[in-house]
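**Student:** Chain residues, written in single-letter form:
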Amino acid sequence: MESLRKHIGKVVPLDRAHIDTDAIIPKQFLKRIERSGFGQFLFYEWRFDEAGQPNPDFVLNYPIYQGASILLARENFGCGSSREHAPWSLADYGFRVVIAPSFADIFYNNCFQNGMLPLVLPEKQVQELFERAKEHESYQLTVDVENLVVTDNFGLKYTFELDPYRQHCLVNGLDFIGLTLQHEDKITQYEKTKQLQY
Amino acid sequence: MSTKRTLFDKIWDSHIVHQESGKPSLLYIDLHLIHEVTSPQAFEGLRLAGRSIRRPDLTVATVDHNIPTTDRSLPIADPISRQQIETLRENCQNHKITLYDLDSRNQGIVHVIGPELGLTLPGKTIVCGDSHTSTHGAFGALAFGIGTSEVEHVMATQCLPQSKPKTMEVHFKGKLPYGVTAKDVVLHLINQIGTAGATGYVIEYTGEAIRQMSMEERMTICNMSIEAGARAGMIAPDETTFSYLLGRKHSPKDKEWETAVAAWKELATDDDAIYDTRVEIDVTEIAPQVTWGTSPGMGADITQLVPNPASFETSTEQKAAELALQYMGLTAGTPMAEIAIDRVFIGSCTNSRIEDLRAAAEVVAGYQVAATVQAMVVPGSQQVKEQAETEGLHQIFLDAGFEWREAGCSMCLGMNPDIIQPGERCASTSNRNFEGRQGRGGRTHLVSPVMAAAAAIEGHFVDIRNWKFNRKEKADGVTS
Ligand code: SF4
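First to last, the sequence lines map onto chains P and H. The numbers in the numbering used here rise by one with no breaks, and the one at position 23 of the first sequence is 23. The numbers in the numbering used here rise by one with no breaks, and the one at position 342 of the second sequence is 540.
Just so you know, these hints were derived from the structure itself, not from any lab. Beta carbons are placed, not taken as given, at the ideal position from N, Cα and C, and that holds for glycine. A couple of the hints might just be wrong.
What the hints assert, rightly or not - What follows is a set of in silico ranges between Cβ atoms, one per label pair, in the way DEER data are often shown:
#1 H:D474 / P:D144: 28 to 36 Å
#2 P:A51 / H:A538: 26 to 34 Å
#3 H:K202 / P:E50: 56 to 64 Å
#4 P:Y165 / H:E511: 52 to 60 Å
#5 P:L174 / H:S441: 30 to 38 Å
#6 P:L156 / H:P375: 48 to 56 Å
To be verified - Here are the simulated lysine-lysine pairs, DSSO-like style, with alpha carbons at most 30 Å apart:
#7 H:K202 / H:K447
#8 P:K186 / H:K463
#9 H:K463 / H:K362
#10 H:K362 / P:K6
#11 P:K124 / H:K517
#12 H:K202 / H:K371
#13 P:K134 / P:K124
#14 H:K294 / H:K517
#15 P:K194 / H:K371
#16 P:K10 / P:K157
#17 P:K186 / H:K517
#18 H:K453 / P:K192
#19 H:K294 / H:K453
#20 H:K221 / P:K6
#21 H:K221 / P:K192
#22 P:K192 / H:K294
#23 P:K10 / P:K124
#24 H:K371 / P:K186
#25 H:K463 / H:K202
With the hints as constraints, model all of the structure from the sequences given.
**Tutor:** Here it is as structure tokens:
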């Protein structure tokens with residue numbers, strides 16, 4: 001997995017709460033059996049009109065936000081289904097960090113499986129970021145995962161919290177399955193002694 | 199261990215394979231259910247890493263999400279859907295995994311067939327690459343949805359590293375009033391605590407109302423735990439659970455059954471065990487529910503009006519309500535009962551079991567679907583379908599003008615050809631009313647099976663409590 005130590009990127013503000021995984025990647029694109037190439041379908045029904053043409057009113061399509069790699073949104077981001085196609089499509093589009101006041105559990109978890117950081121900041125700070133992103137063209141943030149700080153070029157500095165183990169895995173790009181397989185003897189032992197027999 | 203433990207704690211503790219401080223627990227997984235949509239990339243990942251499936255015997259597959267619900271003898275028209283299903287077939291064959299395929303009598307929505315086949319048992323840890331895995335918690339199992347990377351993880355190791363969630367007790371006190379179903383109870387709960395109300399928690403449902411519910415009703419409740427943000431929903435097993443499981447295909451048999459039941463009786467939360475938080479709801483105050491927005495928490499009683507966005511507390515919620523009304527094509531102040539509908543969908547892992555179909559059929563019997571409405575029933579599994587046909591329910595639906603389909607997820611998510619058209623309004627017994635969930639531009643209202651059935655007949659929502667049943671002797675079927 002790709003590691004994420006420090007990320008500097010352009011912010012795109014998507015001012016909505018409860019953005020669900022059906023909005024992030026609509027079901028018609030879940031039929032593919034590949035893991036890659038989902039970025040083109042990200043936010044499809046908001047990004048494109050019925051004829052498949054880009055919707056100029058959708059923020060991701062604004063010329064000034066092209067190349068953004070940090071997504072800013074409101075509470076309960078990623079609610080809904082467990083589809084990992086949601087983080088796949090965000091990552092494939094180019095996002096490495098999503099900032100919101102809260103995330104749905106499964107989505108939150110899925111992000112770490114893909115070297116992406118779902119960054120939780122208090123609502124007030126998220127509001128401040130929205131204002132700054134609107135005020136400054138090409139607003140950039142630096143997200144330092146090793147030191148758990150977010151900074152901009154105008155003196156803003158927020159610290160954030162992250163489970164130390166998740167941080168360790170993200171910073172080092174660790175392979176979760178490989179980590180579990182280090183305990184293979186214990187798994188075998190569990191199967192011999194404790195596993196349910198029905 | 200001397201401390202008092204909850205149902206959740208007991209299952210968690212007994213499944214820890216390895217624990218290091220400051221790290222997630224490594225949990226053993228007793229049952230891994232897989233389906234066509236969230237598994238192909240996991241199989242591919244295994245292959246690329248040169249890994250194999252540790253316990254194919256604890257892995258069970260079916261096809262449900264993307265399959266057609268029309269004639270099964272015809273080839274699947276959409277080549278990409280077909281490829282996804284063929285990929286699952288090949289993968290199951292190569293790895294010796296049991297697959298309940300399209301032509302199997304046991305095929306169906308993964309969360310319907312698990313319990314039906316006795317695969318879902320109390321005390322088990324169960325995962326599936328689908329968020330509504332919470333359904334299985336109705337049996338006193340710890341069951342939760344996972345992403346595809348985790349599917350691959352379980353395939354390779356039969357374990358998952360998990361951080362321990364917090365526990366929430368949701369206590370439903372009182373008896374369900376006439377016309378109020380398990381679906382209304384859970385919609386009401388979500389409306390009360392919000393779609394993120396239980397984020398980070400595993401819910402245990404307790405109380406008189408739960409104890410009186412059948413297993414199918416309990417499944418409806420646990421199913422929608424995820425819509426309240428919960429990691430899982432659980433209900434302690436009792437005699438209702440045991441009699442449901444007795445004699446099912448994979449349930450323990452004979453001596454093993456007795457040992458199992460004895461163990462299952464120990465699972466209930468100890469008296470005085472502490473939950474991290476507690477919510478109490480008086481079910482006698484609940485009315486039949488209809489959602490008006492694009493999030494399952496945006497719901498109201500059938501007797502209420504579409505709310506004014508300005509009535510919400512925070513500006514974020516106000517904006518969300520505004521966007522929702524706009525998308526739903528609704529005006530604040532409209533009585534819920536005046537909302538006209540175009541489509542009706544009775545199905546999904548929330549409400550497609552035999553009791554749901556019986557209750558809906560009672561409502562429909564002797565009536566005709568409104569001329570403006572297109573309505574369909576999609577049984578949750580082939581077994582449910584067979585049972586319904588034995589009871590003649592299909593004929594009641596067909597006579598009334600419903601379509602009667604083969605088992606699958608169907609219009610719950612519209613991955614297959616069953617979708618609603620832009621602007622169409624659907625009364626649906628499923629669990630999500632997100633924008634575009636049932637088809638681009640489609641508008642979904644979540645309701646119980648009896649409310650959906652009545653709406654199909656009248657062409658708009660109606661209060662089921664005032665319904666005139668054509669088969670009077672069975673009129674109380676509405677609460678079953
Ligand atoms: S019926 Fe709907 S919610 Fe249930 S598993 Fe299928 S798609 Fe998911």
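**Student:** Hint numbers the structure violates, sorted upward?
**Tutor:** 4, 5, 7, 14, 15, 17, 24
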